[in-house]
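There are 2 protein chains.
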Amino acid sequence: MLETMPKTVAASTPPMLLARAAMAQVGCEALLVYNSDPHLSEYLPERWKAREWLSGFPASAGIVALTATRAALFVDSRYLVLAEQAMAGRGIEVHLIGPADWSPYITWLEGHLAPGASVLTDGDVLAVAEHRQLDARLTAAGMELCTDADLFADIWHDRPAVPAKAAWLHAPAQAISSVQEKLARLREAMAAQSASHHFISALDDIAWLTNLRGGDIEHNPFFAAHLLVNRESAILFSPERIFDEAATAALQAAGVCVRPYNEAKAALAGLPEGAAILVDPKRITWGFRAAIPTACRIVEGTSPVTLAKRIKCAAEIDLFRQTMIEDGIALCRFQAEFEDGMARGESWSEWRVHERLTAMRARSPHFRGLSFHTSAAFGANAAIPHYGVARETALPIDRDGLLLIDSGGQYVGGTTDVCRVWAIGQPSAAMIGDATLAMRALIALSSAVFPAGYPGPLLDSIARAPLWAEGLNYFHGTGHGVGSYLGVHELPTLLSGRTVEPGMEYLPGIVTSIEPGVYRKGQWGVRHENIAVVIDAGSSEFGSFARFETLTLCPFDRRCLDIGSLARHEIAWLDAYHAEVRNTLAPRLEGRALQWLLDNTAPMKNG
Amino acid sequence: MLETMPKTVAASTPPMLLARAAMAQVGCEALLVYNSDPHLSEYLPERWKAREWLSGFPASAGIVALTATRAALFVDSRYLVLAEQAMAGRGIEVHLIGPADWSPYITWLEGHLAPGASVLTDGDVLAVAEHRQLDARLTAAGMELCTDADLFADIWHDRPAVPAKAAWLHAPAQAISSVQEKLARLREAMAAQSASHHFISALDDIAWLTNLRGGDIEHNPFFAAHLLVNRESAILFSPERIFDEAATAALQAAGVCVRPYNEAKAALAGLPEGAAILVDPKRITWGFRAAIPTACRIVEGTSPVTLAKRIKCAAEIDLFRQTMIEDGIALCRFQAEFEDGMARGESWSEWRVHERLTAMRARSPHFRGLSFHTSAAFGANAAIPHYGVARETALPIDRDGLLLIDSGGQYVGGTTDVCRVWAIGQPSAAMIGDATLAMRALIALSSAVFPAGYPGPLLDSIARAPLWAEGLNYFHGTGHGVGSYLGVHELPTLLSGRTVEPGMEYLPGIVTSIEPGVYRKGQWGVRHENIAVVIDAGSSEFGSFARFETLTLCPFDRRCLDIGSLARHEIAWLDAYHAEVRNTLAPRLEGRALQWLLDNTAPMKNG
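Protein chains in written order, with this note's numbering: chain A, 1 to 607; chain B, 1001 to 1607.
It is worth saying that the hints were derived from the structure and are not from the lab.
Don't be surprised by glycine CBs; every beta carbon is placed ideally from N, CA and C.
Take these hints with a grain of salt, some might be off.
So these bits of chain A aren't anywhere near chain B, every CB distance computed over 10 Å [unchecked claim]:
(1) Gly98
(2) Ala127
(3) Ala246
(4) Ala253
(5) Val299
(6) Cys313
(7) Gln322
(8) Met342
(9) Asp398
(10) Ala465
(11) Gly503
(12) Glu590
Which chain A residues face chain B? A few, computed with CB under 8 Å, are given here [stated by the list, open to error]:
(13) Arg159
(14) Phe450
(15) Gly453
(16) Leu458
(17) Leu459
(18) Ser461
(19) Ile462
(20) Trp468
(21) Ala469
(22) Gly471
(23) Leu472
(24) Thr499
(25) Val500
(26) Ser540
(27) Phe542
(28) Gly543
The following block holds chain A by itself, in its conformation from the complex (with noise of 0.2 Å):
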């Protein structure tokens, strides 16, 4: 519907005035640019980040709305500073998401366009439940959405292809099931659902069904593609080329056949009538679900992939805890030498920190890359939750404070995700004040029992209450789901929220963070994270109950906690923790990182 524009004119033309150009082409007085993908990913292949190439501006979060004459980026609260800066001088107006507006964008359209008006947004990177409220809200402003149109198909000239590297196959020794099991246990869940056709749009939910992984996205090991199952073979919409010779012979025995990317929607299309077509509303996005035929039912659930992922088995379970020790190594290693090189005057930053950091983690034959980016924070930097050093604006650790470090890594047999905060010369008795309170919060969660099974986002006060008790409190969620080398945030597993969701429970076999913190902005920040998973803690008549046994294996710095002021069972458990991390990791360290580890975890009894 969109003609080509004259690439000689479009090559040089910045890339607002080319949206305009091809806004007023196609009728549409407005552009909706959402920082999204087919796949709804966390992190963004460089082919969708049309957002970043519209606007210039890089952040992970954000939506730009474009009418003729204006332009406005809408960033949550943690991108509010950074996009005033970026855009300063361009044009482009800033507004706030929440709380006092949720859809602000929306608002702002309501407010900038005449009745009549049509409002233009890819569909197929759309969220279905943004697609219902923005359709709802703009109807009933009398203005019509168009969805079936992608604009920056044709306006953005060297925009990177749908990625393709290579993906190989994850192994049976770690991968535990094999693609026929999976793909059996996931036709039963069809079928009680009187489902013929299952169609998976989220990367995670493909590379853990599917035994591949791949390296199509940053700090993911993911690969570009969907998925349509019916009841006795499968399809993978994936470019042919990145799948091996060895992963592609495990696909052919599962009946999995691989046919272009770009096939997907059309295949859709293609349903025969009758079909039952099974969909996560939650994980497909709107132009996807639209090109289902109306002939078709559709079933809306929870995808029973997503469902059978989180929970870990046995065998994963172990392999969790042998990566861990090989993460608990490296961060001994480097922890020992950071602190040797700063008894010795050497000079350090927050980007050495992180360079250190994952080389130490790269020895491991099994390391993979970082699961995210590292966050090494120094001072002030540490209250911002989200904050990920980079080389440029780095701060040097060159006074008394304490250092945050959120790190993690992905191995073949598992994924990390550790936070710990370290006393650089002498941290001030409020910052060990606020360490302690956070430690107490993470303790009484993991140490708690509850019903297996449980909604995460109602155990989620029992870590908050020692926090809210000196009136602290710390806005991110408690806990994220991990996955098993694949995405460090795995959902619907979640310690925290307002609404309790299908595949939020707590159950023998959930592996999950407990990361409790506390902001002091502009000063100071603290958190404490462990991966943690859930096991059976024993049944009554009260049902069964569950409770963690933690899977990290990190000392804590001692010196930043008020120790005299935990309780006698606060003692008990980090005396127990140290232990168990000490008899684990000693055996594998020698030299100057052993003796760190037998100094930070020596019993503390009463301080």
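Using the hints provided, position chain B relative to the given structure of chain A.
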């Protein structure tokens, strides 16, 4: 649409036969009878006990489904045994509601009717959400749902009339705000939602808004009415004769006119085109909602009256405090009399406990009746959370064990609800263990600090954690809102549940019960229940915080507690609570009751 049955036939015919004859006459294959009224009341006036009239089953919950050849009663697990006993030999099957199937009556209809069948239920007593589910499922099964007839209007010949007992002005000294003020606030909230009208069926909302109380409902000082408010005036649909002169004058002064009760639906049907009517889908029945003309705009939302009513102002809370003194005096006097009598070898039954405790409450000039049926439960009866004592079946209190007394009063100044467990002879160590853990749960939540406005369901685990730690739990809510001389269960204020809804915010001014327990089926039960008000707990850079102030004034029986296993802060909480009870009640008691109070509130220190 239903021809009147000849009365001579009907009067002597069993209700099920009458119903089937009427079903045949109107041409429907099945009848669904809910235990519900047009106000979705907790306690039903006799007029709407059609389920009981039809089936003979008297409990406060349960649904009957009837076809030409089969009949079934559907009850939740609380009533299963009772239902099976009551229905034996009556040709009515009994089925369980949940957890395998929460709508087994729909499944049953699907199984026993053919496509094309018509199912009748009275839309005027059908909750909107229930209608949505019923309609969707029956439509999917190819059946038709009819909701526009009340079959009982014609076949239930001695059916009680709409209740029309006297209603009276709840005088401003207790009512705090005038009806004018409340209507003005409501109209502001309506304007904020662009609503020209608001229709209210909830009897507690109407009683609160009109500052009237009535005697139409057992245990609740409500009167049968609907209310339609527009920008300038309001119409109260209620039997006119029930209002005395003062009430009538007050209504007139506030611009509220009274119309016959049965004109409410017609008034809705007659709303002018373009009217925007606010209705609360949880507090209006399907029949009334469906009466709204399609030319009107329906604004769905929690009623501003429901939201305003739940926040008690300082003067109301002072009235609650005074009321708790009156209730506490009655509780002490009763307990002294009971314990003296037992010591003298008197014969006491659960029923006598109920009678004497009620008599003690009745000595207060402000007492207006019980707020719910007393649960005086000895031994195994206390393991039934909803046990209501009856004269015929009351147990004698004649052996060692625990006596659980859950009771409450309606007073002009407020509504009370208190539960204590009392040692009879020597309770077992296991009983004491349960009572002690439930006490730790009560103290954990009663002393918690939390962000002001935090949703109650998300605070629940703070109470349960101490029980979970020992493999215990209870399967009822931890607390519910309590009205100011209104309902003892005032929703949506709730400390439990898996859905967080508007109106569940625990804000300063919220009055709530806190009532953890432990129940050993067939053995014993413990529950400690206080009423508490949410108060301000100061603010920090992390926001405003709140905590509970306990309002209930009644000692706990420390013979039921293992003081040695309590933590220091728990003993301190109990001692401080008992000091408060003693200091407040002692000046108002004399003789044996005073001595009993002093004996039972002395400091424990370390046991």
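Taking the hints in turn, this is what the structure says about them:
1. Gly98: 15 Å, holds
2. Ala127: 21 Å, holds
3. Ala246: For alanine 246 of chain A, whose nearest Cβ neighbour in chain B is about 45 Å away, the distance exceeds 10 Å, so it holds.
4. Ala253: 38 Å, holds
5. Val299: 12 Å, holds
6. Cys313: 25 Å, holds
7. Gln322: Holds, since 31 Å exceeds 10 Å.
8. Met342: Fine: 31 Å to the nearest Cβ keeps methionine 342 of chain A off the interface.
9. Asp398: 27 Å, holds
10. Ala465: Since the minimum Cβ distance to chain B is about 5 Å, alanine 465 of chain A lies within 10 Å and the statement is violated.
11. Gly503: Given that every Cβ of chain B is farther than 10 Å from that of glycine 503 of chain A, nearest at about 13 Å, it holds.
12. Glu590: 40 Å, holds
13. Arg159: 42 Å, violated
14. Phe450: Holds, because the Cβ-Cβ distance from phenylalanine 450 of chain A to chain B comes to roughly 5 Å (cut-off 8 Å).
15. Gly453: Nearest chain B Cβ about 12 Å off; hint violated.
16. Leu458: Result: holds, 6 Å to nearest chain B Cβ.
17. Leu459: 6 Å, holds
18. Ser461: 5 Å, holds
19. Ile462: Holds - the Cβ of isoleucine 462 of chain A comes within 8 Å of chain B, reaching about 5 Å at its closest.
20. Trp468: 5 Å, holds
21. Ala469: 5 Å, holds
22. Gly471: It holds, given that the least Cβ distance between glycine 471 of chain A and chain B is near 4 Å, below 8 Å.
23. Leu472: Holds, because the Cβ-Cβ distance from leucine 472 of chain A to chain B comes to roughly 6 Å (cut-off 8 Å).
24. Thr499: 7 Å, holds
25. Val500: 5 Å, holds
26. Ser540: Cβ of serine 540 of chain A sits 4 Å from chain B, so the hint holds.
27. Phe542: 4 Å, holds
28. Gly543: 7 Å, holds
Against the hints set out earlier in the document, violations occur for numbers 10, 13, 15.
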